[in-house]
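Visitor: So the protein lines, in turn, are chains A and B. The first sequence maps to residues 1 to 213 in full-length UniProt numbering. The second sequence maps to residues 1 to 472 in full-length UniProt numbering.
Quick caveat, the hints were computed from the structure, so don't treat them as lab data. Predicted model, so just to flag it, every value in this text is computed and none were measured. We put the beta carbon where it would ideally sit given N, CA and C, even for glycine. Each hint should be verified, as a subset may be incorrect.
Examples of chain B residues toward chain A, derived with CB under 10 Å [stated by the list, open to error]:
1) Arg247
2) Phe248
3) Gln323
Simulated pairs of lysine to aspartate or glutamate, EDC-like, Cα-Cα distance not exceeding 20 Å [unchecked claim]:
4) B:Lys230 <-> A:Glu106
5) B:Lys260 <-> A:Glu173
6) A:Lys190 <-> B:Glu188
7) B:Lys258 <-> A:Glu105
8) B:Lys230 <-> A:Glu69
9) B:Lys366 <-> B:Glu354
10) B:Lys260 <-> A:Glu102
11) B:Lys230 <-> B:Glu162
12) B:Lys366 <-> B:Asp262
13) B:Lys369 <-> B:Glu325
14) B:Lys145 <-> A:Asp126
15) B:Lys258 <-> A:Glu187
16) B:Lys230 <-> A:Glu105
17) B:Lys230 <-> A:Glu184
18) A:Lys148 <-> A:Glu137
19) A:Lys162 <-> A:Asp126
20) A:Lys56 <-> A:Glu173
21) B:Lys145 <-> A:Glu102
To be clear about the criterion: a stretch of chain B counts as covered by chain A if any three or more of its residues have a C-beta under 8 Å from a C-beta of chain A, and this derived list gives those stretches [stated by the list, open to error]:
22) 134-143
23) 165-174
24) 263-277
25) 295-308
Spelled out, the chains give:
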Amino acid sequence: MEAIWLYQFRLIVIGDSTVGKSCLIRRFTEGRFAQVSDPTVGVDFFSRLVEIEPGKRIKLQIWDTAGQERFRSITRAYYRNSVGGLLLFDITNRRSFQNVHEWLEETKVHVQPYQIVFVLVGHKCDLDTQRQVTRHEAEKLAAAYGMKYIETSARDAINVEKAFTDLTRDIYELVKRGDISIQEGWEGVKSGFVPNVVHSSEEVVKSDRRCLC
Amino acid sequence: MAKSCGANGLGAPGSRESLPGAAGEAGAGDELSSLGSDCEINGGGGGERRVDKFGFIVGSQSAEGPLEEVPLEVLRQRESKWLDMLNNWDKWMAKKHKKIRLRCQKGIPPSLRGRAWQYLSGGKVKLEQNAGRFDELDLSPGDPKWLDVIERDLHRQFPFHEMFVSRGGHGQQDLFRVLKAYTLHRPEEGYCQAQAPVAAVLLMHMPAEQAFWCLVQICEKYLPGYYSEKLEAIQLDGEILFSLLHRFAPVAYKHLSKQKIDPILYMTEWFMCAFSRTLPWSSVLRVWDMFFCEGVKILFRVGLVLLKHTLGSSEKLKSCQGQYETMERLRALNPKIMQEAFLVQEIMELPVTERHIEREHLIQLKKWKESRGELQCRSPTRLHGAKAISDSEPHSRKALDPSPSIILPPGQVLPPKGRKNKEKKRDQGKVRLANGPIPEENGAQALVEPGACPHHQSKDSLSSRESEDTYL
């Protein structure tokens, strides 16, 4: 049985191959860090609840994508139904930073007529000695595109919570203000729905333990 | 998609949904990962490392449950039958193909598996026809564009298999050689990340050169277009699978339709990695035995069996009310339905034939063209298994004959004289100009430096024979 949530946001995580997308998501959803991670083939799918205000929970549906360019013909179908996105680059890999622009262009084309609220994520910040991208230039680039910038490390669990919850809060504000609205035929934002007809308005406390059988 | 707890990937058991408290920032550290320590991963452990009979480090993946052990006596019998088949392969292939199929369904004896896969796939013939070619490719530097991506993936393929556990170890080195060689062999295709686990499975059973040619056969004969730019072939197969599901598991079909879960979401990894990252290892091997013999229909059957037993009844669907629940269920498949004996039995009983797939292929291709236009990548025709591959290159061994009797003046008519003759005629046009033993590799020949061949040829045929013995 699922826990109660106010909204469901669908987020997409994109960026070059090996920047650490799957590891970041795993750290966030499972609280663990795998030293090695299978390269993602196609699209993968995770979920976690976030409490943004006491008693107000948002269910995040997080879509992990294969980074290799070849897979874009498959992954781009999932941009359209996302309200938010984490665009990752690896601070120790300059090329992955240079490709940020390309990723934004790529999504812009395929997300029409909707928009994705992106946050730019400089990942693997624990490897500061191997840094190839300065914080300053990343911040500048993010600002140019109207994005926030944050540096994270899945290995050392730095800013992982913050990256996701800040983005969730920003989207929540936009939804509250009416800048983003729930639309028929769009999966980006959904309002509280609980299977087995338990509505979010009801004061029912449910355990979020899920059956894994 | 679809990493299950019992699979060979890196997924570990545990809920993917939790409240912030449950997944704290720091505290819940690496010790939660039960998948081995740093030193194991980097191969620096030094100490004794226990591996299971497949070469996986014990404790690195959830237990498979009781493995079915073939009684030793039966195994010895099977080995001698397989040895007889391998020693008279062409004859068996031509006349007793069904018997080969039956024996593949029963499972190829582990000691002969690598050799059998080479024979079934035609990789062995390809190697003989292109002796020295792998060495040529191996010596070429390769395109840095691909090398970079390949290198980043090397340590991420079956990192808990003894062969691939050490960074830069022989397994990873061979994997690099095979994948790099493929990008040189088919520069227009390059490297696709899903090829790496496939190549790694091959390398667990044979040396690099043999693995390379088996990979070539998989990419060009069994699953053409799967790894090409645009990935159209896999998307088409997703549609084919879905359509077959309608017919063979209507309840599951209806459920997935209702929840708008595209086939691409659950089948991409299944098919592109030929289930090597999904099933328990003993099942992977049995599936691959059948796949090499019978072709892609085995992948479709496995997919259908898994879907049917996961979403095939209203009882099963009770806990799959939302899209996420369904996806989670497909990701963490019930180990019982993936268990070797059960799965193999189900695969054999599911009446999905080449014909179903081909018919559906035409229908889906038409739909594709109507909605998206012509395919952008034209792939060679898919061949459904060992027999089809063998028939497509009859008498390929003849091509190795020293007397180039194929070279004939144009227009000369040969008296009909059985199969041998038919083959000559068929290849006449193709081979005459090449004047070599490589009817299908004309494009590739450009890369082969003249003068290098004879030396390689002799050396190679020797080494391939040697390695066969090693793998006996």
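Visitor: Now, for every hint given, state plainly whether the structure supports it.
Guide: The hints, checked one at a time:
Checking arginine 247 of chain B against chain A: minimum C-beta separation of about 24 Å lies over 10 Å; hint violated. Hint status for phenylalanine 248 of chain B relative to chain A: violated, with the closest Cβ pair at about 23 Å, above 10 Å. Of the supplied interface hints, the one on glutamine 323 of chain B holds, with its beta-carbon coming within about 8 Å of a beta-carbon of chain A, less than 10 Å. Restraint check for lysine 230 of chain B and glutamate 106 of chain A: satisfied, since their Cα atoms lie roughly 15 Å apart, inside the 20 Å limit.
Proximity of lysine 260 of chain B to glutamate 173 of chain A is assessed by CA-CA distance (about 29 Å); at most 20 Å being required, the pair is judged violated. As the CA atoms of lysine 190 of chain A and glutamate 188 of chain B are separated by approximately 43 Å, the hinted pair breaks the 20 Å bound. Only pairs whose Cα atoms come within 20 Å are accepted, and lysine 258 of chain B paired with glutamate 105 of chain A is rejected, the gap being roughly 32 Å. Simply put, lysine 230 of chain B and glutamate 69 of chain A have alpha-carbon atoms about 9 Å apart, close enough for the 20 Å limit, and the pair holds.
Between lysine 366 of chain B and glutamate 354 of chain B, the direct Cα distance comes to roughly 18 Å. Compliance with the 20 Å bound is thereby established for this hinted pair. A hinted pair counts as satisfied when its Cα atoms are at most 20 Å apart, and lysine 260 of chain B with glutamate 102 of chain A does not qualify at roughly 29 Å. Proximity of lysine 230 of chain B to glutamate 162 of chain B is assessed by CA-CA distance (about 34 Å); at most 20 Å being required, the pair is judged violated. Under the criterion of a C-alpha separation no larger than 20 Å, the hint pairing lysine 366 of chain B with aspartate 262 of chain B is consistent with the structure, at around 19 Å.
Restraint check for lysine 369 of chain B and glutamate 325 of chain B: not satisfied, since their Cα atoms lie roughly 33 Å apart, outside the 20 Å limit. This hinted pair does not check out: lysine 145 of chain B and aspartate 126 of chain A have alpha carbons roughly 27 Å apart, beyond 20 Å. A distance of roughly 14 Å separates the Cα atoms of lysine 258 of chain B and glutamate 187 of chain A; the hinted pair therefore holds under the 20 Å criterion. Under the criterion of a C-alpha separation no larger than 20 Å, the hint pairing lysine 230 of chain B with glutamate 105 of chain A is consistent with the structure, at around 18 Å.
Note on lysine 230 of chain B and glutamate 184 of chain A: the hinted pairing is violated, with a Cα-Cα distance of about 30 Å set against a maximum of 20 Å. Taken as a hint, the lysine 148 of chain A and glutamate 137 of chain A pair is honoured in the structure, with Cα atoms around 13 Å apart against an allowance of 20 Å. Taking the CA atoms of lysine 162 of chain A and aspartate 126 of chain A, the gap is about 16 Å. The hint holds against a cut of 20 Å. Straight-line distance between C-alpha atoms of lysine 56 of chain A and glutamate 173 of chain A comes to about 13 Å, which keeps the hinted pair within the 20 Å bound.
For the proposed pair lysine 145 of chain B and glutamate 102 of chain A, the alpha carbon gap of about 17 Å is at most 20 Å, so the pair holds. With 0 residues bearing a CB less than 8 Å from a CB of chain A, the segment 134-143 of chain B misses the requirement of three and the coverage assertion fails. As drawn, the segment 165-174 of chain B meets chain A at 0 residues by the rule of a beta-carbon pair under 8 Å; below three, the given contact is violated. Taking a C-beta to C-beta cut-off of 8 Å, the segment 263-277 of chain B contributes 7 residues in contact with chain A, enough for the three needed, and the coverage statement holds.
For the segment 295-308 of chain B, the stated coverage by chain A is not satisfied: 0 residues place a CB nearer than 8 Å to a CB of that chain, which falls below the threshold of 3.
Of the hints listed earlier, those the structure fails to meet are numbers 1, 2, 5, 6, 7, 10, 11, 13, 14, 17, 22, 23, 25, in rising order.
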